[in-house]
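*Asks:* Got chain U sorted already, so can you dock chain L onto it with the hints?
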Amino acid sequence: MLYEIKNLIKNYNGRNVLDISLSLEKGRVLGLLGPNGAGKTTLLEVLAFLLRPTSGEIRYRNKTVDFEKTDLIQLRKEAVLVQQKPILFSATVLNNVEFPLKIRRIEKKERERIVNELLYLVGMEKFTHARADRLSGGETQRVAIARALACSPEVILMDEPTASVDVENQIIIERIIREINRHKGISVIFTTHDMIQASRLADDILFIYEGRVAESIHENIFSGVIEKDLRGETFFLIQDNLKIPIQTSKSGVVRISIDPGGVMISKETDNAQGDYHVRGRVIQLTDEKACIRALVDIGVPLSIFISREMIKDILLCIGDEIRLVFNPERIEIF
Amino acid sequence: MGSMGLLYTTKAMIIGQVILILPVIATLTISAVSRIDERYRKTALTLGANAFETAFVIVREARFGIIASIIVAFGRVIAEVGIAMMLGGNARGFTRTMTTAMALEFDKGEFTMSVALGVVLLLISFGVNLVFNYFQGKTGD
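Each protein sequence line maps, in turn, to chains U and L. In terms of the working numbering, the first sequence is numbered consecutively and its last residue is 339. In terms of the working numbering, the second sequence is numbered consecutively and its last residue is 154.
Bound conformation, chain U alone:
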């Protein structure tokens, strides 16, 4: 077992930002999903031995880690974190990737060989002598990954590795994650907001919400205001014009999470009457293991699950206008 974490708590200003138990086997890819502020970055920093937990037990490679007594420098050499917006030292790309090798006292010839190999792996070999601070976001991310790999880590921790890169770099970074896991046997833990990306890349997925492992998927999280209309029905109002019916006694500004499986759909051409509905346009259809995930533009992007039979019945295609009926019981209010 690579990591075994029991009742780990990290407290900031009297608030528990992390209260978690989990385990990760060696050689696997773990995706951590959750909204902003869920505690994903804090968890990665604890797993990278950069942040001392307030309490709880961490076992790394079957040995208990004591943040007071254990040689953390040695552990950090095995568990490397690539930050969400990685920062490169103001030197050349070569100097950056070489840095971990230099502090490990590796000879110059061997350093050059490793740097060239890693820059080739991340597709940055043409930039060896370029100034690192002049690279684009995607290139910076790739060099940061190469620099982390230079440490020959057991596990690489990536905080939203594709959050601020274009599609081309996203594809490259996903390829790198697969390669380092399959060919080098390095365990990977990454965080993301993107459920589809997590399904594509990860062997295991954990949903984190408010510092805890959540059993259900907290997706479609929106901030808005609860209001009552003239008929006395309660609505959740997003962006001043999008109304979603909910059942609650709460009022004012809240956050809601819409269960992707709790939305009924019908084609816009159908003469469905009755239930209050919202109109939307299908902008993406993705094959999930048990069903089809549709991304629908209702003014905000909404992710929903549709059964394969339903797709066949209504011949749903990208670009189709649909009606969505929400089940208020499947909307969680925070």
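Possibly wrong hints are sitting among the right ones.
What the hints assert, rightly or not - No farther apart than 25 angstroms at their CA atoms in a straight line, the calculated lysine-lysine pairs in the DSS-like style are these:
| hint | chain 1 | residue 1 | chain 2 | residue 2 |
| --- | --- | --- | --- | --- |
| 1 | U | K90 | U | K131 |
| 2 | U | K90 | U | K113 |
| 3 | U | K233 | U | K255 |
| 4 | L | K121 | U | K107 |
| 5 | U | K31 | U | K131 |
| 6 | U | K11 | U | K90 |
| 7 | U | K189 | U | K114 |
| 8 | U | K11 | U | K74 |
| 9 | U | K68 | L | K24 |
| 10 | U | K90 | L | K121 |
| 11 | U | K68 | U | K189 |
| 12 | U | K74 | L | K55 |
As the list claims (entries may be wrong) - Restraint ranges, calculated between C-beta atoms of paired labels, are given here:
| hint | chain 1 | residue 1 | chain 2 | residue 2 | range |
| --- | --- | --- | --- | --- | --- |
| 13 | L | F69 | U | G324 | 48 to 58 angstroms |
| 14 | U | Q252 | L | F69 | 54 to 64 angstroms |
| 15 | L | V31 | U | I111 | 38 to 48 angstroms |
| 16 | L | F69 | U | K68 | 22 to 32 angstroms |
| 17 | U | A135 | L | V85 | 26 to 36 angstroms |
| 18 | L | I43 | U | I210 | 37 to 47 angstroms |
Note that these hints are calculated values from the structure, not bench results. Ideal Cβ positions, reconstructed from N, Cα and C, are used throughout, including at glycine.
*Replies:* Showing chain L alone in chain U's frame:
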């Protein structure tokens, strides 16, 4: 200083000047280092650096601010006359500096010589600043 046999020696002048500029350099260096992004420290640590190597990374990133503090301190010291006069004594060929020489020439009424020395001092200070700025700009690019 007198009891230690240091008064009117170059050592005394050096000690005095160091005491004068130390707070200036310390303040400007602390300011330069504290402005460095926290991610540099975390990056160095996660790559396996020890405390010394991490400090080296931070100092390297703060090098422009640190060089700027050295330029400020150099300008302060080279134009200093009080400490050089009091602790050095302005002894010819021994503890006389350009600023104390200027003060002496002025007292003697040799205004032309005093101003000439002032111009030379200005040029030296200007030249050193230019060299520093040149290298700072070059490495900054």
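*Asks:* It remains to establish, for every hint, whether it holds in the given structure.
*Replies:* Going through the hints against the structure:
1. K90(U) / K131(U): Holds: K90(U) and K131(U) sit about 22 angstroms apart, inside 25 angstroms.
2. K90(U) / K113(U): It is violated: about 29 angstroms lies between the C-alpha atoms, which goes past 25 angstroms.
3. K233(U) / K255(U): The hint holds at about 11 angstroms.
4. K121(L) / K107(U): violated, 61 angstroms
5. K31(U) / K131(U): With a Cα-Cα distance of about 33 angstroms, the restraint between K31(U) and K131(U) is violated, given a limit of 25 angstroms.
6. K11(U) / K90(U): violated, 29 angstroms
7. K189(U) / K114(U): holds, 22 angstroms
8. K11(U) / K74(U): holds, 19 angstroms
9. K68(U) / K24(L): Answer violated: K68(U) to K24(L) is near 57 angstroms, above 25 angstroms.
10. K90(U) / K121(L): Cα-Cα ~65 angstroms, so violated.
11. K68(U) / K189(U): Distance of about 23 angstroms is within 25 angstroms: holds.
12. K74(U) / K55(L): holds, 20 angstroms
13. F69(L) / G324(U): 48 to 58 angstroms: holds, 57 angstroms
14. Q252(U) / F69(L): 54 to 64 angstroms: Holds, at about 60 angstroms.
15. V31(L) / I111(U): 38 to 48 angstroms: holds, 40 angstroms
16. F69(L) / K68(U): 22 to 32 angstroms: holds, 30 angstroms
17. A135(U) / V85(L): 26 to 36 angstroms: holds, 33 angstroms
18. I43(L) / I210(U): 37 to 47 angstroms: Holds - the Cβ-Cβ distance for I43(L) and I210(U), about 45 angstroms, lies within 37 to 47 angstroms.
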